[in-house]
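Student: From just these sequences and the hints, can you work out the full model?
If you read the sequences in order, they're chains A and B.
First residue of the first sequence? That's 1 in the numbering used here, and the numbers climb one at a time after it.
First residue of the second sequence? That's 1 in the numbering used here, and the numbers climb one at a time after it.
There's no promise every hint is true.
What the hints assert, rightly or not - In silico DSSO-like links for lysine-lysine, alpha-carbon gap of 30 Å or less:
1) B/Lys112 <-> B/Lys130
2) B/Lys112 <-> A/Lys99
3) B/Lys10 <-> B/Lys107
4) B/Lys7 <-> B/Lys130
5) A/Lys99 <-> B/Lys130
6) B/Lys130 <-> B/Lys107
7) B/Lys203 <-> A/Lys99
8) B/Lys130 <-> B/Lys74
9) B/Lys151 <-> B/Lys7
Stated by the list, open to error - So these bits of chain A aren't anywhere near chain B, every CB distance computed over 10 Å:
10) Phe13
11) Leu56
12) Arg70
13) Arg73
14) Ala84
15) Leu85
16) Tyr92
17) Asp242
To be clear, the hints were calculated from the coordinates, so they are not data collected in a lab.
Glycine residues also receive a C-beta, built at the ideal position from the N, C-alpha and C atoms.
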Amino acid sequence: MFDLSTPLARAVFALMMGLIALFLFFPIYWLVISAFKGNAELYQIIPTLYPHKLSLGHFTNAFEQGHLLRNLRNSLIVSCSAAALNTLLALYAGYSFAKFRYAGRRGVMILLLSAQVFPFGLLLISIYPIITDLGLIDTRLGLILSYIVFALPVSTYMLYSYFSQVPSEIIEAARADGASELRIFHTIVMPVSIPAVVTVFLYGFMWSWNDLLYAMTLIVSEEKRTLGPGMLLSYLNEVNSDWGGAMAASIVASAPIVLAFAFLQRWFIQGVTAGSVK
Amino acid sequence: MSSISLKNVKKSFGAVDILQGIDLEIADGEFTVFVGPSGCGKSTLLRLICGLDEVSAGEIVIDGEIVNDVPPAKRGIAMVFQNYALYPHMSVAQNMGYSLRLAGTDKAEIEKRVGDAAAVLRLDKLLDRKPRQLSGGQRQRVAIGRAIVRKPQVFLFDEPLSNLDAALRVDMRVEIASLKERLGTTMIYVTHDQVEAMTLADKIVVMHAGRVEQVGSPLELYRRPANLFVAGFIGSPRMNVLRAEADERGTLRLENGTVLPVTAPAGARQVSVGIRAEHLSLSDDPGAFVLRGRARVVEHLGSDMFVHVSVDGASDPVIVRCPDEMELAIGSAVSVGFEAANAHLFAPDGQRIVSADARRSAA
Numbered sequence: 001m002f003d004l005s006t007p008l009a010r011a012v013f014a015l016m017m018g019l020i021a022l023f024l025f026f027p028i029y030w031l032v033i034s035a036f037k038g039n040a041e042l043y044q045i046i047p048t049l050y051p052h053k054l055s056l057g058h059f060t061n062a063f064e065q066g067h068l069l070r071n072l073r074n075s076l077i078v079s080c081s082a083a084a085l086n087t088l089l090a091l092y093a094g095y096s097f098a099k100f101r102y103a104g105r106r107g108v109m110i111l112l113l114s115a116q117v118f119p120f121g122l123l124l125i126s127i128y129p130i131i132t133d134l135g136l137i138d139t140r141l142g143l144i145l146s147y148i149v150f151a152l153p154v155s156t157y158m159l160y161s162y163f164s165q166v167p168s169e170i171i172e173a174a175r176a177d178g179a180s181e182l183r184i185f186h187t188i189v190m191p192v193s194i195p196a197v198v199t200v201f202l203y204g205f206m207w208s209w210n211d212l213l214y215a216m217t218l219i220v221s222e223e224k225r226t227l228g229p230g231m232l233l234s235y236l237n238e239v240n241s242d243w244g245g246a247m248a249a250s251i252v253a254s255a256p257i258v259l260a261f262a263f264l265q266r267w268f269i270q271g272v273t274a275g276s277v278k
Numbered sequence: 001m002s003s004i005s006l007k008n009v010k011k012s013f014g015a016v017d018i019l020q021g022i023d024l025e026i027a028d029g030e031f032t033v034f035v036g037p038s039g040c041g042k043s044t045l046l047r048l049i050c051g052l053d054e055v056s057a058g059e060i061v062i063d064g065e066i067v068n069d070v071p072p073a074k075r076g077i078a079m080v081f082q083n084y085a086l087y088p089h090m091s092v093a094q095n096m097g098y099s100l101r102l103a104g105t106d107k108a109e110i111e112k113r114v115g116d117a118a119a120v121l122r123l124d125k126l127l128d129r130k131p132r133q134l135s136g137g138q139r140q141r142v143a144i145g146r147a148i149v150r151k152p153q154v155f156l157f158d159e160p161l162s163n164l165d166a167a168l169r170v171d172m173r174v175e176i177a178s179l180k181e182r183l184g185t186t187m188i189y190v191t192h193d194q195v196e197a198m199t200l201a202d203k204i205v206v207m208h209a210g211r212v213e214q215v216g217s218p219l220e221l222y223r224r225p226a227n228l229f230v231a232g233f234i235g236s237p238r239m240n241v242l243r244a245e246a247d248e249r250g251t252l253r254l255e256n257g258t259v260l261p262v263t264a265p266a267g268a269r270q271v272s273v274g275i276r277a278e279h280l281s282l283s284d285d286p287g288a289f290v291l292r293g294r295a296r297v298v299e300h301l302g303s304d305m306f307v308h309v310s311v312d313g314a315s316d317p318v319i320v321r322c323p324d325e326m327e328l329a330i331g332s333a334v335s336v337g338f339e340a341a342n343a344h345l346f347a348p349d350g351q352r353i354v355s356a357d358a359r360r361s362a363a
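Tutor: Rendered as structure tokens:
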């Protein structure tokens, strides 16, 4: 792809990569150092590039106030449920699109994917009255269902791509061996598709975990509030701008995602490449 | 064991007719090979017999019962796929025992049957391995083992050796031949490799463009091909074909007037004369035989050699098989001859016609 045979080319390449890394990681670096700075240092007019005096005050405040842990628990419940339900639905839909031929298959698939065309915020206008009519406003279930609306089309397409590459012969061999269609899916296709399942689960989880707009709109009561609105309303509201607290809470909020990626990284990377490489 | 009968079996995908009405009888215990070029419909026919696809018209009868609507697992058949189709997450033993587990067979019986099949196929030390830890030949043996444990009435093989290298293919061919002797089960084998067809089959079905061109024993097809397609497909190298014209007395001449040593039947005009490479004689004396030409390519095989000769008056070169002891320079003048008894004549529509010489000797 690139000719890196000369030292100059390698140096330029390394410089470019370094700049990209700096661009990507500087906000994260800033988040971390800000969380560990005391308020006096944080609000200096000329900011410091590293904390001159380490302070855990923002973290202890965040946990002592109690709402962070409650928000974290709510986010975990909503995100895990949305991701699980999204994965379950996408599994069956993706398999059906990939391995069965029936009238309207293409049309339904295009219709499903077309949901992706609408901006996230725009669909809230139509989702809000539906969730209200169903009596699901200010419920976790309402929030979970609305997240699935967005995650499901892409998740289905991801699994459709993966299942399309599962050789039809192993499905036919199982059919000849006497397995029912559901059994084939559960005992043959799903076990060989774990990387894709993990990828889709993480995708659904991140959608829900990172959301602010829907959680702000569809959840009203404080005890059901998830991390996004929780942090915004606690640290950065009309009367208060606690940047240090917000940074510390962000680190805590990012921990589950970072841990999930670290834990599932092997599967996730396999899953991403499995769909694109023959 | 089971007999199979196909009655006017058709298969279409949309407007495309893949099989155009197949009639075929396969006897109990017979090893039948479907052979033909890519796209001729042989694998489709196998899939129909297996039940993986539905017939568009016609009947498939196994042991006297019409099975058109019977699911694959209930047809008493087992299929070995071209790319093995092993379950990648299961061990060899689990792969082989999967169908028995589905059928609710008890554990001890599964272990016994898997063990027996593994012993036959020399897989007994590999039972705990996953397919990815096996070589191509071992994988194919597992695929065959998976079929054996079911004790099927009919075995279906879909080009089972095409993914193996040449040496392994010969080994596996021998293995399948010995399996056929040991089990005596009805077997249907699809291949485009005519060597596999010739060496394994009791009966060969030559297919072309969704039709059966000829059914017969390997030697029958080799010695008396029903048409030009079968003549060209069975035998390696391909049968040589000379385009000739007959006069009213049946004398066959090439374009340049060379008279061939075989006589066309009365009424024939445009005739294709087929002669196998081993039935042609070659001489470096240009006057020894009737066909004159030049040696273009010489292929040494050790025991034999194939000489490609461009013959004066013929559009295509002919290949002559002769002992590998002749000294022949490329481009040297040669002559080629054959006996009338070894010539196969075909009409312009490709169908076999009997030469006047053969009629006389038969009379």
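Student: State for each hint whether it applies.
Tutor: Each hint, compared with the structure:
no.	hint	in the structure
1	B/Lys112 <-> B/Lys130	holds (20 Å)
2	B/Lys112 <-> A/Lys99	violated (35 Å)
3	B/Lys10 <-> B/Lys107	violated (42 Å)
4	B/Lys7 <-> B/Lys130	violated (42 Å)
5	A/Lys99 <-> B/Lys130	holds (25 Å)
6	B/Lys130 <-> B/Lys107	holds (20 Å)
7	B/Lys203 <-> A/Lys99	violated (36 Å)
8	B/Lys130 <-> B/Lys74	holds (28 Å)
9	B/Lys151 <-> B/Lys7	holds (26 Å)
10	Phe13	holds (36 Å)
11	Leu56	holds (47 Å)
12	Arg70	holds (41 Å)
13	Arg73	holds (35 Å)
14	Ala84	holds (22 Å)
15	Leu85	holds (25 Å)
16	Tyr92	holds (20 Å)
17	Asp242	holds (51 Å)
Hints 2, 3, 4, 7 from the list above are not met by this structure, while the remaining hints are.
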